Amino acid sequence: MVTAGTSGATSAASIGLKYLNNSVSGIDTDSMVQALAAARQVPITQLQDQKAAQQTLLTAYQSLNANLVSLGVFALDLQMPTTYQTRKIANSDPSLVTASASSGAAVGSHHLVISKLAQAHQISSGEQSSASHALGYAGSVLINGQSLTVQASDNLQDLADNINGTGAGVTASVMTVGAGKYRLVLNANQTGVEHAIDLVEANSRGILQGLGLVSSAATVKHALPSGLASDALSSAGTAVGTALGIGDAPSGQLTLTDDTGSYTVASVNLATDSLQAVADRINAAVAGSGMSAQVTSTTTDGKTSWRLEITGTQGNPTVGDQNQVAQTLGLLTHAPANVTPGGQAQDAEFSLDGYAMTRNTNSVDDALPGLSLELQAADSSKTINLQVSADSSTAVTAVQSFVDKFNSVMDTLNQGLAYDADTETSGVFFGDGTIINLQQQLIQQAIRPVGTLAAQGGKTSLSELGVSLGQDGKLALDTTKLQSALAADPQAVERLMEATGWADSRGVEYVSNDSGTQDSGMAGYGVNISQLATQATASSAAFAGGQVTSAEILTFNGGPSIVLQAGASLAQATSSLNDFLAANQLRLTASVVGDKLQLTSQDWGAAGDFTVASSLEPGAGGTNWGLAGGAAASFGGLEVRGTINGEAATGHGQYLTGGGTATKGLQLKITATTTGDLGRMYLSKGVAARVQDFTLLITDGKTGSIALNSAAITEQMGRLDDQIASMTSQMGDYIAQLQQEFTYMQQTMAKMQGIGNALTQQMEQLNNANK
1 MVTAGTSGAT SAASIGLKYL NNSVSGIDTD SMVQALAAAR QVPITQLQDQ KAAQQTLLTA
61 YQSLNANLVS LGVFALDLQM PTTYQTRKIA NSDPSLVTAS ASSGAAVGSH HLVISKLAQA
121 HQISSGEQSS ASHALGYAGS VLINGQSLTV QASDNLQDLA DNINGTGAGV TASVMTVGAG
181 KYRLVLNANQ TGVEHAIDLV EANSRGILQG LGLVSSAATV KHALPSGLAS DALSSAGTAV
241 GTALGIGDAP SGQLTLTDDT GSYTVASVNL ATDSLQAVAD RINAAVAGSG MSAQVTSTTT
301 DGKTSWRLEI TGTQGNPTVG DQNQVAQTLG LLTHAPANVT PGGQAQDAEF SLDGYAMTRN
361 TNSVDDALPG LSLELQAADS SKTINLQVSA DSSTAVTAVQ SFVDKFNSVM DTLNQGLAYD
421 ADTETSGVFF GDGTIINLQQ QLIQQAIRPV GTLAAQGGKT SLSELGVSLG QDGKLALDTT
481 KLQSALAADP QAVERLMEAT GWADSRGVEY VSNDSGTQDS GMAGYGVNIS QLATQATASS
541 AAFAGGQVTS AEILTFNGGP SIVLQAGASL AQATSSLNDF LAANQLRLTA SVVGDKLQLT
601 SQDWGAAGDF TVASSLEPGA GGTNWGLAGG AAASFGGLEV RGTINGEAAT GHGQYLTGGG
661 TATKGLQLKI TATTTGDLGR MYLSKGVAAR VQDFTLLITD GKTGSIALNS AAITEQMGRL
721 DDQIASMTSQ MGDYIAQLQQ EFTYMQQTMA KMQGIGNALT QQMEQLNNAN K
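Under the working numbering, the residue at position 536 of the sequence shown is numbered 536, and the numbers go up by one with no gaps.
To be clear, the hints were calculated from the coordinates, so they are not data collected in a lab. Note that the coordinates shown come from a computational prediction; the quantities given were computed from them, not determined experimentally. Glycine included, C-beta positions come from ideal geometry on N, C-alpha and C. Check each hint, because a few of them may be wrong.
Said to hold, decoys possible - The calculated EDC-like cross-link candidates involving lysine to aspartate or glutamate, where the alpha carbons are at most 16 Å apart (straight line), are:
1. LYS669 / GLU424
2. LYS664 / GLU764
3. LYS221 / GLU194
4. LYS116 / GLU374
5. LYS221 / ASP248
6. LYS51 / GLU509
Stated by the list, open to error - Have a look at the derived ranges for each label pair, beta carbon to beta carbon:
7. GLN376 / ILE447: 44 to 54 Å
8. ALA35 / SER70: 44 to 54 Å
9. ASN557 / GLY237: 17 to 27 Å
10. GLY261 / GLY370: 51 to 61 Å
11. ASP353 / ASN557: 47 to 57 Å
12. ALA284 / ASP161: 24 to 34 Å
Using the sequences and the accompanying hints, generate a full structural model.
Written as structure tokens, this is what we have:
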């Protein structure tokens, strides 16, 4: 029994294990769990479908937004003046000149004759027996004003390399002429006489002459009507050698001669003497003669340079040199000894429409506005005919591109709003009030007449350009009609497209508008000014005798200072002031008003405010521009103030910018000299301007309807994600519970099955015993 019982228990355990693994009950619990889970999955799937639909809608909104932005770009192209001013040019002889005409070129015929082409300067040294042996020259030279130090160990190739490193606008190379014959060749990087290579022997070492680059004869470098001048330097108060970058500047004497005799200027040391010091030495040496020296300044593009001028009343002065002092100053020069064949610096010479012209380059783009010429060859016997005509192709392409993009947007809207009754399917935007309204407004922006232009008798509708509207909201272009309109009056086509402003008062100028500015209509906007803009102005005290009586230091805006020299005339003081102001980029202008000096800001309003401090106390014979104790006095201007269309506007200098509902962003320039009612100004928002404004409004990233709707959709998708995540988490718990319950059921049935098997075995054993 024991053995039999043990055998039965083992069998029951095995059966239970088999049940757990193979579901001996016959019930497919996995399928039952999956079926029950699938039932619970239905609402999750529905939420996922809702999110997918929202994602599709969001993608459609984003795609529409991109299309509208692109449409705005094409609308902007239609407002560019260059779109309607494109030119083409017919050239009778491209072998002599290539020509092009930009949008600024006037339509018409031009006649060109080319006599000479511009050439770059090219010079060479004398022949050298080696390119690698030391030349034995040491000292400093100037190449186009750039200092070059030559070492005794330098060979010809070293010299070429060092020249190329100066940035002097010259390219140096070593030419092998033949066996044992080498030359240093210098090429100017730019053509024309202005860019001829300038070589200066900066001391008495004779390097340039020794190399055969310059001749021995010295001539005046910068002749004046009654004298001569030096090279221009960056400073009048710095030592000449320092200003030129020469470490071993020469010293020696100058000999000045006129009809009254010769005068020696001794002890001129360019290592320590400034340009002004040299002038002072000359004036001391020639006192009582007809000669004098002065330092003058010139300001170009905000950069001031100074040069020494020596003039005379008794014949033109000449100068004798010692130790290359006059040559280093640029009073004298030595001509190149070897100009290569075809290497003479030469300006281009040509005549355009009968007017003789010269240029230092063969690229000419400043003879006539918008006309660019590339001179290719010279032939004075040939007249080249250039015919500039309007080219409407750019405008036609721009209008066609606008129409195509407009239609692309309409296709997107039509498809999104469509409903197919047969298949009972709808577009992604079906029933969307925002999109329906957007489509209607966009069509209106394109087809509504530009009524404000009617007063000028111009074109007021796209239909006049051959653009028509179809039943589907799409545009169609008649290219032939558009080309005819462009040929007749391209400006009228441009005005129909762009935002145009004008005023009936000369004191009011239209400047600009933005997408928030409304069309004024034919009634216009009234302009009323309560305060005119002014420029900050400082007027000095009166100067007795019209000259500065005491030396005075003036400091501007707490920074740069200038000294007004005692004894200077008001005209001289004004000239010095203007040079100083330009050099220091101070936007002020000095002038003489009666017996006073006056400073006037170049800017209007507060932007031109400035301060001046003086080294002289008020009433001490100076300008009286400063306060007591050297404190700075302030001078300011007023901003323009007024209204546009009765709405408050903001002034900045002479510019008045609207801020009301209708005039927001409208900017005017007020140049009137009286306040009060300045009449009316008119703003016409053309078709392309309206469409661009509308696309900017709709696609604004913060306030645009697409952005707002997209944000709402994104928010809804977030809520759906939260719901899906919550229900998915609950689904996991539900499946785990089902699996636990079925496992328990199977375990229970396995136990019962084991008990039944044991009882069966015991019954079998009893039956066997009875037998």
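The hints, checked one at a time:
1. LYS669 / GLU424: violated, 60 Å
2. LYS664 / GLU764: Answer violated: LYS664 to GLU764 is near 106 Å, above 16 Å.
3. LYS221 / GLU194: Holds, because 13 Å separates the two Cα atoms, which is no more than 16 Å.
4. LYS116 / GLU374: holds, 13 Å
5. LYS221 / ASP248: This hinted pair is violated, its Cα atoms lying about 22 Å apart.
6. LYS51 / GLU509: Between LYS51 and GLU509 the Cα gap is close to 55 Å, so the pair fails against 16 Å, i.e. violated.
7. GLN376 / ILE447: 44 to 54 Å: holds, 51 Å
8. ALA35 / SER70: 44 to 54 Å: holds, 52 Å
9. ASN557 / GLY237: 17 to 27 Å: Since ASN557 and GLY237 have Cβ atoms about 22 Å apart, the given range 17 to 27 Å holds.
10. GLY261 / GLY370: 51 to 61 Å: holds, 59 Å
11. ASP353 / ASN557: 47 to 57 Å: This hint holds: roughly 49 Å between Cβ atoms.
12. ALA284 / ASP161: 24 to 34 Å: violated, 45 Å
Violated hints for the displayed structure, listed by number in ascending order: 1, 2, 5, 6 and 12.
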